[in-house]
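Peer 1: Following the hints, put chain B in place on chain A, whose structure we already have.
Protein chains in written order, with UniProt numbering: chain A, 1 to 438; chain B, 1 to 419.
Wrong hints could be hidden among the right ones.
As the list claims (entries may be wrong) - Mimicking SDA-like on lysine to any residue, the simulated pairs with C-alpha atoms at most 25 Å apart in a straight line are:
id	chain 1	residue 1	chain 2	residue 2
1	A	292	B	304
2	B	372	B	317
3	A	386	A	348
4	A	292	B	260
5	B	372	B	384
6	A	386	A	260
By construction, these hints were calculated from the structure, which means they are not laboratory data.
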Amino acid sequence: MEAVPARARAYVACVAVAALLCLLPLPSVRTSWWELALLAALSAGCERAAARWRFAGTFHPVLLAGVFLLPPPAAALVALPGALLSPVERRPRGLRRLWRAAQLAVSVWAAARVHWAMGGRDAVVASDFPYALAPAGVAVLVLCLVLSMLDGGILVLAERMPARRAWHGLFLRSLGPVAVHGLAGLMMAVLWRSPYGPVAALLVLLPMYVSWWVFAQYHRERAAHQATIRALVQAVDIKDEYTRGHSERVGQASMMIARELGMDDDRTEVLRFAGILHDVGKLGVPTRLLRKDGPLTPEERRVIELHPEYGHEMVRGISFLGEARAAVLHHHERLDGSGYPYGLMGGQIPESARVVAVADAFDAMTSTRSYRRARPVGAALEELEKCAGSQFDPRMVTALARALARHGWHPAVTADETDGTGVPHPRPTVAGRHGVRR
Amino acid sequence: MSASRTSRRPPPLLALVHGCALLLALGALGCVLWTGLEERGTALAFGVLITVGELNRRSGPHVREAAPLGAAGALSYALLGENAGAPTHHGAAQVVTVVLAASLVGSVPHVGRGQGPTADQLARRVLTVGFAAVCFQPLYNQGTFTRWDGPAYALLLLALLSLTALCDAVLAAALAHSRTRWPFGPLLRDELRALLGIGSAVVATGAVMALAVAVAGLWALPVFSVPLLLTQLSVRRYAAVRSTYRQTIASLARATEIAGYTPAGHARRVAALSREVGRELGMSRPELTVLEYAALMHDIGQLSLVDPVPAGATAVLPLAEQRRIALLGGAVVRQTGVDAAVAVVVERQADPCREQPPAARIVRAVNAYEEKARDAGPGGPLTALEELRLGTAGDYAPEVVEALARVLSRDCLTSPVTG
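Next up, chain A with everything else stripped away, as it sits in the complex:
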């Protein structure tokens, strides 16, 4: 854990002082203290539940209901217990807690101040729709704005991020969720002031909570799913230790090419999976053949060349892979029609397969195999350019060269290479990797 820079500490202290200034008029504020206590307890409870279930972000509906119901200093106080008491995972814990509390107090105060000035409180009491939406909307905007400004500041000072990157998209990304929470908070505030009282207002939280819970489940399931995809690859690694890490690296190179070609995020992700899974069909090739040292007979070569079809057979049932399935089937086709399994030519070969073919060849050349040492990145690129047009799509080769020039080649060493699960991994991971980097 690196130390927090002094200027970041000073920044946090300044925001904390600002928060104290916001809370200062509290003793003179006329408000109903039990309402304040109830909202603060609710907010703290939601924070704790969120931390236990590893949700990201803050449960804003309660805070926003406070903004719409209470005078500004009281609304700022609602945010404090939740932020101060909620567990923090990363060190330094005290500083992080203080930062969260001060940041929330200041932004909630600002939002409540604007809401108050626009007469939003009377609109809530009189449930004056649609006018009540206007001050609420402005308050949500202010909350988002102040939060993202303060967040950007800490990113610049503590993480030394460039200012433009720190603020870029911070506001727009937080606006959507906070606006939805704002609508729920407004409904909560209106019901709170209605004859039905806080009981009815609490009911608003239930659907929000369920939505949140489902969202967390979604993330958990997605992580598990990714692990399963990786397990598919590891099943290949069990049979053929020499390609260890090859799949992940081809995935990374395919992703770099896709980004360089300007494909959108979804397609880039699909191409990453295409790279990861391209050799999954090797599961169907007898282990003895894969591990054979020395030259293969034509018969044996034909058996190994069946692996794209085996691979396609395996993944064709996974619908989200989309065009990655075609890439698995066709990644050994060549532009001049001399590849396998179908001998497709030029444009007949799916784009995804042309991407993976280049990524596959690049990684094969830059990593050590049983029969030869790794080549440096520059030599591999030269070789690719030589074969562009006959074997590879020149567009993909150029894109790879540009991406490598811009970002370099830093193949990620996956954590699962050092697992302790008892599956036998007799041979060590690829040696001589340092020769690969430029």
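Peer 2: What follows is chain B alone, placed relative to chain A:
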């Protein structure tokens, strides 16, 4: 509940439920045609809300509440007593008519794609909304609830909605029971458990919408449907990732088949049959998922073998070798990120049955049955069952073998729909 009586003769319950729903719908329609619509603006607003909810419906085998927004809108219209402080006058008949009309309109695009709501879903919707409206509207319009004001009124609505949700769960379980003849108890337990999740959100939203319209008028509908649409969206994404996850697990399971270690379709057949047996033994939905995943991946340990076991028949191998393969399989499964319970089941599939968890007993027995029965020709299943019964003393749990026999005899009589 008439569940035990209906388990022998399924059609009467279905016919009864559908008939009741149809009668209720026709009666309500006739009533509305006779008296005309009260407060058309409110009816239209709720109709639009329900239609929007139905348009966002998603269907699939593992979806609990296909259209939560539609359901919540329908319930809140059934319990609507005031609109911006002024009492409403619509009766139960109007509620049923509006909800049914809006549901039908909203499902038109889905019918076009062949994924419309089933007769069961429509009947449930009509009956539950009818139940809530009949409980509430006549009493409200007579002024019985005037003494219930403030928070007590909110709690009254909540209690009514909870009662409705309970009835809906019983109805859903009974319908599923009479269609599939799976045991009623676990089905009801699954329905009740689902009430805690998306069901509670629907109930709370129904109550909140009824109260919010009473306070703030019809503006409350768009304001509060946005958060619920968000819920619907996360539920949908969750369902999507779950289904792709299943597909991936199934592909991983096929790895052994493509590698030539096991015959084609073996893992899928063992999984489908294990699921049926698990259901017969009264396992809950999460337990069934663990069982299914474990059954799909039970042979994955064979990937670590350099040479395949002849025909993939592990049940005839020496016990020590079976255990070694099971342990290797468990190690692979642990890397897949599935529930650790799945790995435990895979690891212990070759243990003596007294020490096994129930899911491992099922996988072991079903796997042995599948291997024995598959090449044995027409008389194979019976011979295989007989062998399992004889081997029951140490290897295969008697209750599992009996459940397997029941499932098999049922599937021979009815159509072989599994999975």
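Peer 1: Could you run down the list of hints and mark each one as holding or not?
Peer 2: Evaluated hints:
1. A/292 to B/304: Satisfied, since the Cα-Cα distance of roughly 17 Å is no more than 25 Å.
2. B/372 to B/317: It holds: about 13 Å lies between the C-alpha atoms, which stays within 25 Å.
3. A/386 to A/348: Roughly 22 Å between the alpha carbons, so the hint for residue 386 of chain A and residue 348 of chain A holds.
4. A/292 to B/260: This hinted pair holds, its Cα atoms lying about 19 Å apart.
5. B/372 to B/384: Roughly 5 Å separates the two Cα atoms, so the pair holds.
6. A/386 to A/260: 21 Å, holds
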